[in-house]
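**Q** With the hints as constraints, model all of the structure from the sequences given.
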Amino acid sequence: MSHRYIVLVYNRDWSVGDRQALLETARSLASEDVKVIDCRVASQHIEFDVYSRAGGVERFLSLLSSIFKVREVKEVVRTEELRPPREVLDEAVKLFNAERFWEAHEVLEGLWRKLSDPEKRVIQGIILLAAAYVHLQKGETQVYHSILSRARTQMEYADQIYGLDLTSLKKVLDRLRAESSTELVKISLSGV
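Okay, so the sequence shown: first residue is 1 according to our numbering, each after it adds one.
Honestly, the hints are just simulated from the structure, not real lab data. Be careful, since some hints might not be right.
What the hints assert, rightly or not - In silico DSSO-like pairs for lysine-lysine, Cα to Cα no more than 30 Å straight-line:
(1) Lys171 / Lys69
(2) Lys186 / Lys120
(3) Lys120 / Lys138
(4) Lys94 / Lys114
(5) Lys186 / Lys69
Stated by the list, open to error - Listed next, with one range per pair, are the computed distances between beta-carbon atoms:
(6) Asp13 / Asp117: 39 to 47 Å
(7) Glu179 / Lys120: 28 to 36 Å
(8) Ser149 / Leu63: 23 to 31 Å
(9) Arg53 / Arg175: 40 to 48 Å
(10) Asp117 / Asp165: 17 to 25 Å
(11) Arg86 / Asp18: 33 to 41 Å
(12) Leu115 / His3: 23 to 31 Å
(13) Ser168 / Lys94: 16 to 24 Å
(14) Ala54 / Leu184: 32 to 40 Å
We treat Cβ as the ideally placed atom computed from N, Cα and C, and that holds for glycine.
**A** Structure below.
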């Protein structure tokens, strides 16, 4: 049985331009039991997306830690989302603001499946925003801009949900789109 992991290592001044070399380095350490699928570069960390058959990840992590300082290893487990929407959104916003966009996207998908419009569309917009930044972390600027526009469109359906101030976020996204900017945004929640 395969397991999926997100392996975070500290970023030692690498940029998105180093992504392919980082990915190739990680892949060179993988055995036949481990597959390094992807690499994403954030300002404070590098994320490696890894599949492993039972037991294979330990050796890979040992080899990886000889080159990189491993910050966190998180197994990806998909379950039905049973928590209240605000609790899910709190976790997703923390991940998003820590530039852990892929994880934020994953956390929100379970919530998105449960909701109805307009909340469903807004959460889809946040998922798309996270996806846009995943592509930016991979150096795919054109894809980022395209998904950013789709994210903004989905947020048109409400001004606030679960303490999320969409009015302010929409203004920031409008500015990013007008300036073709790749600036990182932070999402804020009110204490509802």
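**Q** Would you mind marking each hint as holding or not holding in the structure?
**A** Now for the hints, and whether the structure bears them out:
Taken as a hint, the lysine 171 and lysine 69 pair is broken in the structure, with Cα atoms around 38 Å apart against an allowance of 30 Å. Proposed proximity of lysine 186 and lysine 120 is supported: the alpha carbons are some 21 Å apart, at most 30 Å. Using a Cα cut-off of 30 Å, the hinted pair lysine 120 and lysine 138 holds, with the two alpha carbons roughly 27 Å apart. At most 30 Å may separate the alpha-carbon atoms for a hinted pair to count; lysine 94 and lysine 114 meet this at roughly 21 Å.
For the hint pairing lysine 186 with lysine 69, the CA-to-CA distance comes to about 26 Å; that is within 30 Å, so the pair holds. The hint said 39 to 47 Å for the Cβ distance between aspartate 13 and aspartate 117, and at roughly 44 Å that hint holds. Roughly 29 Å separates the CB atoms of glutamate 179 and lysine 120, a value that falls within the hinted 28 to 36 Å. Distance hint for serine 149 and leucine 63: a CB-CB separation of about 41 Å, inconsistent with the stated range 23 to 31 Å.
Distance hint check: the CB atoms of arginine 53 and arginine 175 are about 46 Å apart, consistent with the given range 40 to 48 Å. Aspartate 117 and aspartate 165 have their C-beta atoms about 20 Å apart, which keeps the hinted 17 to 25 Å range intact. Checked against the hint of 33 to 41 Å, the C-beta distance between arginine 86 and aspartate 18 comes to roughly 38 Å, which is consistent with it. Restraint check, leucine 115 to histidine 3: a C-beta distance of roughly 29 Å satisfies the suggested window 23 to 31 Å.
Distance hint check for serine 168 and lysine 94: the Cβ-Cβ separation is about 18 Å, which falls inside the suggested range of 16 to 24 Å. At roughly 37 Å, the beta-carbon separation of alanine 54 and leucine 184 lies within the given 32 to 40 Å, and the hint holds.
In the structure shown, a violation is registered for the earlier hints numbered 1 and 8, in ascending order.
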